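S.K.: Using the working numbering, read the sequence shown as starting at 597 and increasing by one per residue.
It should be emphasised that the hints constitute simulated quantities derived from the structure, not laboratory data.
Treat the hints with caution; some may be incorrect.
[Claimed, not checked] Think about it this way: if two alpha-carbon atoms lie no more than 16 Å apart in a straight line, the pair counts; the simulated EDC-like pairs of lysine to aspartate or glutamate are:
| id | residue 1 | residue 2 |
| --- | --- | --- |
| 1 | 705 | 743 |
| 2 | 703 | 661 |
| 3 | 717 | 689 |
| 4 | 693 | 743 |
| 5 | 750 | 709 |
| 6 | 789 | 609 |
| 7 | 665 | 637 |
[Said to hold, decoys possible] Pairwise CB distance ranges, derived in the manner of DEER restraints:
| id | residue 1 | residue 2 | range |
| --- | --- | --- | --- |
| 8 | 636 | 773 | 23 to 29 Å |
| 9 | 662 | 800 | 36 to 42 Å |
| 10 | 753 | 686 | 16 to 22 Å |
| 11 | 669 | 786 | 29 to 35 Å |
| 12 | 609 | 714 | 39 to 45 Å |
| 13 | 694 | 608 | 35 to 41 Å |
| 14 | 804 | 658 | 17 to 23 Å |
| 15 | 658 | 717 | 20 to 26 Å |
| 16 | 804 | 695 | 35 to 41 Å |
All values reported here derive from a predicted model rather than from experimental measurement.
Virtual Cβ for every residue (Gly too), placed ideally from N, Cα, C.
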Amino acid sequence: MTQVKICGLSTAETMQTALDKGADMIGLVFYPKSPRNVSLEQAAALAAQARGRAKIVALTVDADDALLKLIANAARPDFLQAHGSETPSRVAEITAKFGIPVIKAIKVKEAGDVASAKAFKDVAAMCLFDAKAPEDLLPGGNGLSFDWNLLKGKDGQFMLSGGLNPENVAQAIRLTHAPIVDVSSGVEFTPGKKDIALIAKFIAAAKAAS
């Protein structure tokens, strides 16, 4: 069955809904420019709420070692998500220094972008394919999607993100056979504010499609 990651959670109520409805992974965002950014204190509480029920993913964007250490200590994540311009050598370095597997976000616009994921094959736990955003937007959580046909025939463990919502996630799963789907803005009523009804609908739709 397809696994579901709900990313950008920031309140106990929305976290509880995600857990109760069967989310397999939850994402905490550590990026001050994002409306989903959480403090270390918030993250510690939310991670404690999720621990043992869902895998905890800490999303960062070109974070330095000092910040990663603070995040690792506060949230004790199962995965670090590198959502910036991190190179394969940087991903390997993070994994070695912190002992935490890394999910590398790949920004996709064309087939060559998908192919670039091969460079991370031996260093990242998996790749997450997200839509490539214009320069003036955040690196993720924009509600933008890419041509899912670019992932047709892709095998192995990967995550599909970008523009997913309760209405289109079943189609995305059927087309890409993604083992894991990731949603953030698609379950919000305003940027950074999750809707508990949409979280429930998204998880139900994703699980029913697989």
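S.K.: Work down the list of hints and note, for each, if the structure agrees.
M.R.: Quick rundown of the hints versus the structure:
no.: 1; hint: 705 x 743; verdict: holds (8 Å)
no.: 2; hint: 703 x 661; verdict: violated (23 Å)
no.: 3; hint: 717 x 689; verdict: holds (14 Å)
no.: 4; hint: 693 x 743; verdict: violated (35 Å)
no.: 5; hint: 750 x 709; verdict: holds (13 Å)
no.: 6; hint: 789 x 609; verdict: holds (11 Å)
no.: 7; hint: 665 x 637; verdict: holds (14 Å)
no.: 8; hint: 636 x 773: 23 to 29 Å; verdict: violated (37 Å)
no.: 9; hint: 662 x 800: 36 to 42 Å; verdict: holds (40 Å)
no.: 10; hint: 753 x 686: 16 to 22 Å; verdict: holds (21 Å)
no.: 11; hint: 669 x 786: 29 to 35 Å; verdict: holds (31 Å)
no.: 12; hint: 609 x 714: 39 to 45 Å; verdict: holds (40 Å)
no.: 13; hint: 694 x 608: 35 to 41 Å; verdict: violated (27 Å)
no.: 14; hint: 804 x 658: 17 to 23 Å; verdict: violated (37 Å)
no.: 15; hint: 658 x 717: 20 to 26 Å; verdict: holds (21 Å)
no.: 16; hint: 804 x 695: 35 to 41 Å; verdict: holds (36 Å)
Checked against the numbered hints above, the structure violates hints 2, 4, 8, 13, 14; every other hint is satisfied.
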